Amino acid sequence: MKERRALASKYPPETMEEFRVGELQSYMDWLLTNSVNGKPTIIGFMIGLGTAEEEAELEAFVKSFPEGTMMSNDGAALFVRADLSIEEFKKLYREDVEKTTKEHKEFLAKLHKEEQEYNANFAKEQSEKKFKPMQVKKKYETYDINKDQKFLYARELLKFKEKRGIDVLELMQKIDKKQILNKMA
121 MKERRALASK YPPETMEEFR VGELQSYMDW LLTNSVNGKP TIIGFMIGLG TAEEEAELEA
181 FVKSFPEGTM MSNDGAALFV RADLSIEEFK KLYREDVEKT TKEHKEFLAK LHKEEQEYNA
241 NFAKEQSEKK FKPMQVKKKY ETYDINKDQK FLYARELLKF KEKRGIDVLE LMQKIDKKQI
301 LNKMA
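With the working numbering as the guide, the letters of the sequence shown map in order to residues 121 to 305.
Since the hints were derived computationally from the structure, they do not count as laboratory data. Incorrect hints may have been included.
What the hints assert, rightly or not - Capping the alpha-carbon separation at 27 Å, the derived lysine-lysine pairs in DSS-like fashion look like this:
id, residue 1, residue 2
1, Lys222, Lys183
2, Lys297, Lys281
3, Lys219, Lys233
4, Lys211, Lys222
5, Lys225, Lys210
6, Lys267, Lys279
7, Lys283, Lys294
8, Lys159, Lys211
Here the structure is a predicted model, which is why all the values come from computation and not from measurement.
All chains, full assembly: derive it from the sequences and hints.
The following block contains the structure:
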């Protein structure tokens, strides 16, 4: 069936006859998927392979369960069985949902209880522990501007300016400006 679908999608029909054959094969696949030995499965009844009354009855039944109800794998397997009457399905499905929902609620209650116990024990342990301040070693030192190389260089330039009367920074800016003009030319 999968191979036929793959081929059908790879090679589209060229004539109306091929198109009709493809449609019939798709319908046949749909029927095979939702029935067993020619009898519709419960899901087949729900999608319209039975009467409208059967479809409505099953839809109403499934919708009658409140949100949050759980279903096991066995409950899910009931939907693809064709050997059950609708009444048998309803009985078995209701039992499965009730059992699974009950087990799930018990599991959640147990999990919640364990979590509360853990949190209570953890809080108790934390309150019993004595506070011990951390021992920190100071690894910093005071900043000394006289050790800063950039500051020392700037101070040397200022001393040079005072001593000789030449502004070195201004000279450097002029030289830099000339180099830019030379590059532009």
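Here is how each hint holds up against the structure:
no., hint, in the structure
1, Lys222 to Lys183, "19 Å, holds"
2, Lys297 to Lys281, "21 Å, holds"
3, Lys219 to Lys233, "21 Å, holds"
4, Lys211 to Lys222, "17 Å, holds"
5, Lys225 to Lys210, "22 Å, holds"
6, Lys267 to Lys279, "17 Å, holds"
7, Lys283 to Lys294, "21 Å, holds"
8, Lys159 to Lys211, "20 Å, holds"
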